[in-house]
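Heads up: the sequence lines are chains Y and H, in that order.
The opening residue of the first sequence carries number 1 in the numbering used here; numbering runs sequentially from there.
The opening residue of the second sequence carries number 1 in the numbering used here; numbering runs sequentially from there.
I should point out that these hints are in silico values taken from the structure, not numbers from a laboratory.
Just so you know, even glycine gets a beta-carbon here, dropped at the ideal spot from N, CA and C.
Fair warning: there could be bad hints in the mix.
Straight-line C-alpha distance at most 30 angstroms; calculated DSS-like pairs for lysine-lysine [as the list claims (entries may be wrong)]:
(1) H:Lys16 <-> Y:Lys189
(2) H:Lys93 <-> H:Lys68
(3) H:Lys16 <-> H:Lys93
(4) H:Lys16 <-> Y:Lys188
(5) H:Lys141 <-> H:Lys68
(6) H:Lys16 <-> H:Lys68
(7) H:Lys141 <-> H:Lys51
(8) Y:Lys188 <-> Y:Lys140
(9) H:Lys93 <-> Y:Lys189
(10) H:Lys51 <-> Y:Lys158
(11) H:Lys68 <-> H:Lys142
(12) H:Lys68 <-> H:Lys51
(13) H:Lys141 <-> H:Lys16
(14) Y:Lys188 <-> H:Lys93
(15) Y:Lys140 <-> Y:Lys162
(16) Y:Lys188 <-> H:Lys68
(17) Y:Lys158 <-> Y:Lys140
(18) H:Lys16 <-> H:Lys142
(19) H:Lys93 <-> H:Lys51
(20) H:Lys16 <-> H:Lys51
(21) H:Lys68 <-> Y:Lys189
Derived Cβ-Cβ restraints for the label pairs, each shown as a range [claimed, not checked]:
(22) H:Leu127 <-> Y:Ala161: 28 to 36 angstroms
(23) Y:Gly115 <-> H:Glu17: 45 to 53 angstroms
(24) Y:Thr116 <-> H:Pro27: 26 to 34 angstroms
The residues making up each chain are set out below.
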Amino acid sequence: MLRLDCLRSIYSELENCLVVTIMGAVAAELQSLGHRPNFFYLQHAMGLASSTGLGLALCLPDQRVIVIDGDGSLLMNLGSLSTMARYRPRKLVHIVFDNESLLSVGGFPTATSTGTDLEGIARASGVPRVVTVHSVQTFKGAVIEAMNGAELTTIVAKVEAKGPAAYVTDLSLLENRFQFRRHIQSLKKR
Amino acid sequence: MPVSIVNSRTIYDALKECDIRLVSALPETWLVHLIRAAEDDPEMILVRLAKEEEGVGVSAGAHFAGIKSAMLMQNHGFLASINGIVSFAHLYKIPLLMLISYRGSFGERDPWQTQGGNVTEPVLRALGIPYTFLDAAETVKKRIRQAQTLAESSLQPVALLLTRDLMWEEQ
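Work out the full structure, taking the sequences as your base and the hints as a guide.
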């Protein structure tokens, strides 16, 4: 299963969500499908995408928030699972693309390649709904089910360690950040 | 426990007057009354963290949502948050109002706090983070207001060091 195919399968569902992604391949691939003002790419600060999504979800409880995380980033901030589970925002969906690799720095294997089980950690942290998926079809189904549900959900998607040719895009970090905030403020005025 | 209840309340009230609606926190002795005040306040979103660096992300999310926030942490928690501060708050120009208990400075009895006390201000300076002290009840309200104003106008982290003189009542 390729991450890009997973992203493509849910791209149209992301239109009315606030989406926070990690750096590297995830950010580049989502942008390659078409940037939208409701997408924020955290291009550094590994581990904090989930914390950012939590902050958004707690402040905007009626807004659907999607975090697109990765195994390397989540392993840097496993405590975030316990913090998310503590407050369990009903409209927060936490997707983790697990390619068992720190792909963007040369493909070094992460601990999920030697048996660390992110689904198990999420479940034991208290995340109320956790699922692991291995195909694009089950991935899409799990995301749509989580988006239509009313429980914090972590979806671990096992994907191949393949990424885009380039990671830098023409969207500047600050442009993305100001556009994202402005978009959210415009939603609040509606 | 001689943590000043009165001065903790003064700090909390000043945060409320600045329209702070979300507080992230990791407990430490000097912060207990502040955290309890946030916990007892139905208007406040309190986020209890596993590690202080998470608070950078939480506050960034709140900023995107248009909610003003503050971070309560010990100076060792600040030290543990530095990558988040640099590669999120500085890189993306995110305002942070950091209230940092200044442990390990003059009067400190706990040996384990002392090394962090030595490096707190040098690290703040090295990171270019504007900071001042909360050291007297009379100036708490004004300094919190000024710190928050600067954080919002400059879109950067600003630190207030909570000192022993303000937080601790010697018995």
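Comparing the hints with the structure gives:
This hinted pair checks out: Lys16 of chain H and Lys189 of chain Y have alpha carbons roughly 24 angstroms apart, not beyond 30 angstroms. Distance check on the hinted pair: Lys93 of chain H and Lys68 of chain H sit about 15 angstroms apart at the alpha-carbon level, within 30 angstroms; holds. Of the pairs offered as hints, the one joining Lys16 of chain H and Lys93 of chain H holds, with about 24 angstroms between alpha carbons and a cut-off of 30 angstroms not exceeded. Annotation: proposed proximity of Lys16 of chain H to Lys188 of chain Y holds, straight-line Cα distance about 22 angstroms (limit 30 angstroms).
With a C-alpha separation of about 16 angstroms, the suggested pairing of Lys141 of chain H with Lys68 of chain H holds against the 30 angstroms cut-off. Note on Lys16 of chain H and Lys68 of chain H: the hinted pairing holds, with a Cα-Cα distance of about 10 angstroms set against a maximum of 30 angstroms. Taking the CA atoms of Lys141 of chain H and Lys51 of chain H, the gap is about 28 angstroms. The hint holds against a cut of 30 angstroms. Only pairs whose Cα atoms come within 30 angstroms are accepted, and Lys188 of chain Y paired with Lys140 of chain Y is accepted, the gap being roughly 29 angstroms.
The straight-line distance between the Cα atoms of Lys93 of chain H and Lys189 of chain Y is roughly 24 angstroms, inside the 30 angstroms bound, and the hint therefore holds. For a cut-off of 30 angstroms, the pair hint linking Lys51 of chain H to Lys158 of chain Y stands: about 27 angstroms separates their Cα positions. Between the alpha carbons of Lys68 of chain H and Lys142 of chain H the distance comes to roughly 17 angstroms, so the proposed pair stays at or under 30 angstroms and holds. Simply put, Lys68 of chain H and Lys51 of chain H have alpha-carbon atoms about 20 angstroms apart, close enough for the 30 angstroms limit, and the pair holds.
Taken as a hint, the Lys141 of chain H and Lys16 of chain H pair is honoured in the structure, with Cα atoms around 10 angstroms apart against an allowance of 30 angstroms. For the hint linking Lys188 of chain Y to Lys93 of chain H, the alpha-carbon distance of about 22 angstroms falls within 30 angstroms, and the restraint holds. For the proposed pair Lys140 of chain Y and Lys162 of chain Y, the alpha carbon gap of about 19 angstroms is at most 30 angstroms, so the pair holds. The straight-line distance between the Cα atoms of Lys188 of chain Y and Lys68 of chain H is roughly 15 angstroms, inside the 30 angstroms bound, and the hint therefore holds.
For the proposed pair Lys158 of chain Y and Lys140 of chain Y, the alpha carbon gap of about 13 angstroms is at most 30 angstroms, so the pair holds. Taking the CA atoms of Lys16 of chain H and Lys142 of chain H, the gap is near 13 angstroms; set against the 30 angstroms cutoff, the hint holds. Using a Cα cut-off of 30 angstroms, the hinted pair Lys93 of chain H and Lys51 of chain H holds, with the two alpha carbons roughly 22 angstroms apart. A C-alpha spacing of about 24 angstroms is found between Lys16 of chain H and Lys51 of chain H, which places the hinted pair at or below 30 angstroms, so the restraint holds.
Between Lys68 of chain H and Lys189 of chain Y the alpha-carbon distance is near 17 angstroms, which keeps this suggested pair within the 30 angstroms criterion. About 35 angstroms separates the C-beta atoms of Leu127 of chain H and Ala161 of chain Y, a value consistent with the hinted range of 28 to 36 angstroms. Distance hint check: the CB atoms of Gly115 of chain Y and Glu17 of chain H are about 52 angstroms apart, consistent with the given range 45 to 53 angstroms. Separation of Thr116 of chain Y from Pro27 of chain H is about 29 angstroms and conforms to the stated range, judged on CB atoms against 26 to 34 angstroms.
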